[in-house]
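Chain residues, written in single-letter form:
There are 2 protein chains.
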Amino acid sequence: MMSNGKKKKILIVHAHPEPTSVTQGLVDVSRQTLRQLGYEVLESDLYAMHWKAVFDERDFPMRAQTERLSFIDESGHSYASERQSPDIADEQEKVLAADAVIFQFPLWWYGMPAIMKGWVDRVWAYGLAYGYKNAGNQYRYGDGAFKGKRAVLSVAVGGPAKDYSPRGINGPLEQLLFPITHGSLYFPGFDVLPTHAVYGAVRLGAQDMAAAKAAWRLRLEGLFDDAPIPFRPQNGGDYPDQHVLASHVAVGQSGLLAHVADQETVTRAVGVEA
Amino acid sequence: MMSNGKKKKILIVHAHPEPTSVTQGLVDVSRQTLRQLGYEVLESDLYAMHWKAVFDERDFPMRAQTERLSFIDESGHSYASERQSPDIADEQEKVLAADAVIFQFPLWWYGMPAIMKGWVDRVWAYGLAYGYKNAGNQYRYGDGAFKGKRAVLSVAVGGPAKDYSPRGINGPLEQLLFPITHGSLYFPGFDVLPTHAVYGAVRLGAQDMAAAKAAWRLRLEGLFDDAPIPFRPQNGGDYPDQHVLASHVAVGQSGLLAHVADQETVTRAVGVEA
Numbered sequence: 000m001m002s003n004g005k006k007k008k009i010l011i012v013h014a015h016p017e018p019t020s021v022t023q024g025l026v027d028v029s030r031q032t033l034r035q036l037g038y039e040v041l042e043s044d045l046y047a048m049h050w051k052a053v054f055d056e057r058d059f060p061m062r063a064q065t066e067r068l069s070f071i072d073e074s075g076h077s078y079a080s081e082r083q084s085p086d087i088a089d090e091q092e093k094v095l096a097a098d099a100v101i102f103q104f105p106l107w108w109y110g111m112p113a114i115m116k117g118w119v120d121r122v123w124a125y126g127l128a129y130g131y132k133n134a135g136n137q138y139r140y141g142d143g144a145f146k147g148k149r150a151v152l153s154v155a156v157g158g159p160a161k162d163y164s165p166r167g168i169n170g171p172l173e174q175l176l177f178p179i180t181h182g183s184l185y186f187p188g189f190d191v192l193p194t195h196a197v198y199g200a201v202r203l204g205a206q207d208m209a210a211a212k213a214a215w216r217l218r219l220e221g222l223f224d225d226a227p228i229p230f231r232p233q234n235g236g237d238y239p240d241q242h243v244l245a246s247h248v249a250v251g252q253s254g255l256l257a258h259v260a261d262q263e264t265v266t267r268a269v270g271v272e273a
Numbered sequence: 000m001m002s003n004g005k006k007k008k009i010l011i012v013h014a015h016p017e018p019t020s021v022t023q024g025l026v027d028v029s030r031q032t033l034r035q036l037g038y039e040v041l042e043s044d045l046y047a048m049h050w051k052a053v054f055d056e057r058d059f060p061m062r063a064q065t066e067r068l069s070f071i072d073e074s075g076h077s078y079a080s081e082r083q084s085p086d087i088a089d090e091q092e093k094v095l096a097a098d099a100v101i102f103q104f105p106l107w108w109y110g111m112p113a114i115m116k117g118w119v120d121r122v123w124a125y126g127l128a129y130g131y132k133n134a135g136n137q138y139r140y141g142d143g144a145f146k147g148k149r150a151v152l153s154v155a156v157g158g159p160a161k162d163y164s165p166r167g168i169n170g171p172l173e174q175l176l177f178p179i180t181h182g183s184l185y186f187p188g189f190d191v192l193p194t195h196a197v198y199g200a201v202r203l204g205a206q207d208m209a210a211a212k213a214a215w216r217l218r219l220e221g222l223f224d225d226a227p228i229p230f231r232p233q234n235g236g237d238y239p240d241q242h243v244l245a246s247h248v249a250v251g252q253s254g255l256l257a258h259v260a261d262q263e264t265v266t267r268a269v270g271v272e273a
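These protein sequences, in sequence, are chains U and F. The letter at position 137 of the first sequence is residue 136 when you use numbering that gives the first Met the number 0, and the numbering goes up by one with no holes. The letter at position 153 of the second sequence is residue 152 when you use numbering that gives the first Met the number 0, and the numbering goes up by one with no holes.
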């Protein structure tokens with residue numbers, strides 16, 4: 000990891016405009032720790048960049064068809080013909096250069112702030128993050144353009160941990176984030192680590208913030224060693240038709256958790272009681 | 000429902016800029032059907048309105064504190080002192096006037112397009128959608144400012160239904176949308192109807208589109224009669240401490256589905272096998 004040209008690169012994508020927020024406090028830890036570990040740090044500070052959140056026709060300066068706006072067709076055309084909006088192309092370049100991508104954000108209504116959702120909507124182009132190699136869904140879930148890279152969510156959560164516990168009223172955090180971890184990151188090929196959450200972020204005392212920073216630092220140290228969430232790959236045999244689990248797999252199970260292979264890891268990371 | 004001053008009002012919040020898209024085709028059905036049924040139709044066409052998706056300091060023209068940006072504090076201050084951005088206040092007024100709110104959007108990365116997520120982020124103010132009556136979490140989940148109103152998601156999904164079936168590779172749609180139905184709509188008090196999905200929306204033939212329109216029309220006719228998803232209310236006895244399910248409730252269950260009371264409805268609407 001030393002500066003011999005093989006230095007690993009980590010991209011931090013983050014979304015909070017307030018420098019003293021819990022989110023930005025943890026972004027500071029990321030920057031500092033990752034540099035100390037010998038990594039090169041790339042950054043997308045979405046608020047500072049005035050990131051365009053809304054995916055619309057302005058993202059396709061050279062239209063494949065002008066009579067009708069199809070996002071998939073125009074995204075595919077723009078990507079394939081290298082006529083994307085420069086801000087989108089820049090972000091794709093960063094992701095492709097990175098060995099790992101860290102997303103740091105406050106949990107707003109059980110998901111990403113719109114500015115970060117709009118990063119996914121716009122940067123995850125057809126031909127890259129989906130429709131990879133123009134082969135339909137051949138490469139999704141565990142395969143794809145970002146295979147070999149790691150990703151992790153670092154989330155500042157206003158409410159208390161018990162509300163997100165296995166039987167907590169909000170639902171377990173890792174299940175609420177499944178559309179992101181599984182649907183948006185594992186889909187284009189990332190190995191996704193269990194989410195790191197700081198609960199009670201609305202009123203966090205100095206001592207709790209120090210503990211939260213230390214815990215996040217530990218997670219960063221394990222970025223390339225910790226076991227990812229064992230989502231089932233599409234092309235590993237569990238989905239013979241690439242759509243539905245084989246009858247001998249996850250017998251008696253259905254729903255989100257059926258797509259996580261190792262139930263012990265489910266218990267620990269995905270918030271379900273054994 | 001006739002025009003006698005008691006005409007019910009329905010707000011359609013929708014997010015697709017292309018008039019010939021599946022989403023807009025279904026919005027047309029909503030407008031037409033709801034008027035035929037004698038309702039007054041309100042609309043928030045987010046792309047046409049150039050809705051500001053990003054929640055930021057510009058939403059708080061009169062700050063409670065200028066040294067540090069706290070979204071919760073500023074949202075609460077702006078709402079309580081009636082100094083909100085006019086676009087936010089206008090949307091809140093529409094929601095408060097409506098008897099039901101319909102959200103129509105294409106499923107992008109297993110969630111709302113950023114422009115609609117940003118509608119939730121900005122319109123769901125502290126003091127209204129959370130922190131109602133300045134009583135912390137007292138009124139959440141089944142209670143709150145929007146109690147008595149109905150809500151439903153109408154989603155255009157690119158992929159095939161089997162990918163969203165109980166053991167389908169993407170996960171069941173209703174579980175993927177739980178952060179919206181439960182976390183963003185039931186939380187501030189809406190009764191949320193099962194989601195209406197049109198699958199295979201990427202390449203929908205004329206006949207399939209006609210069938211999809213007819214199916215949606217039927218759902219609209221049942222808007223005030225169909226049974227909502229039986230999410231468990233926070234203050235109905237199932238959560239004695241307002242945080243965690245009582246031990247005698249949903250015995251042996253954990254995760255998202257433990258918060259749905261009636262397992263038969265779960266099977267039908269939330270996509271889990273019996």
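Calculated from the structure, these hints are not laboratory results. Using N, Cα and C, we set each Cβ at its ideal position, and we do this for glycine too. Warning: the hint list may mix true and false statements.
Below, a list of computed lysine-lysine pairs in the BS3-like style, where the Cα atoms sit at most 27 Å apart [unchecked claim]:
id: 1; chain 1: F; residue 1: Lys161; chain 2: F; residue 2: Lys93
id: 2; chain 1: F; residue 1: Lys132; chain 2: F; residue 2: Lys212
id: 3; chain 1: F; residue 1: Lys146; chain 2: U; residue 2: Lys161
id: 4; chain 1: U; residue 1: Lys51; chain 2: F; residue 2: Lys51
id: 5; chain 1: F; residue 1: Lys132; chain 2: U; residue 2: Lys161
id: 6; chain 1: F; residue 1: Lys161; chain 2: U; residue 2: Lys132
id: 7; chain 1: F; residue 1: Lys212; chain 2: U; residue 2: Lys146
Residues of chain F placed beyond 10 Å of chain U at every Cβ, according to the derived structure [to be verified]:
id: 8; residue: Thr32
id: 9; residue: Asp55
id: 10; residue: Asn136
id: 11; residue: Gly221
id: 12; residue: Pro227
Tested hints:
Restraint check for Lys161 (chain F) and Lys93 (chain F): the C-alpha separation of about 37 Å exceeds 27 Å, so the hint is violated. With a C-alpha separation of about 40 Å, the suggested pair Lys132 (chain F) and Lys212 (chain F) falls outside the 27 Å cut-off, and the hint is violated. Taken as a hint, the Lys146 (chain F) and Lys161 (chain U) pair is honoured in the structure, with Cα atoms around 25 Å apart against an allowance of 27 Å. Of the pairs offered as hints, the one joining Lys51 (chain U) and Lys51 (chain F) holds, with about 10 Å between alpha carbons and a cut-off of 27 Å not exceeded.
Using a Cα cut-off of 27 Å, the hinted pair Lys132 (chain F) and Lys161 (chain U) holds, with the two alpha carbons roughly 23 Å apart. Proximity of Lys161 (chain F) to Lys132 (chain U) is assessed by CA-CA distance (about 23 Å); at most 27 Å being required, the pair is judged to hold. Of the supplied pair hints, the one linking Lys212 (chain F) and Lys146 (chain U) is violated, its CA atoms being roughly 39 Å apart against a limit of 27 Å. Distance check for Thr32 (chain F) against chain U: the nearest CB is about 25 Å away, which clears 10 Å, and the non-interface claim stands.
At roughly 6 Å from the closest C-beta of chain U, the C-beta of Asp55 (chain F) falls inside 10 Å, breaking its exclusion from the interface. With a cut of 10 Å on Cβ distances, Asn136 (chain F) falls inside the contact zone with chain U, its closest approach being about 8 Å. Residue-level check passed: Gly221 (chain F) sits 26 Å from the nearest beta carbon of chain U, beyond 10 Å. For Pro227 (chain F), the non-interface assignment is confirmed: its Cβ lies about 18 Å from the closest Cβ of chain U, beyond the 10 Å cut-off.
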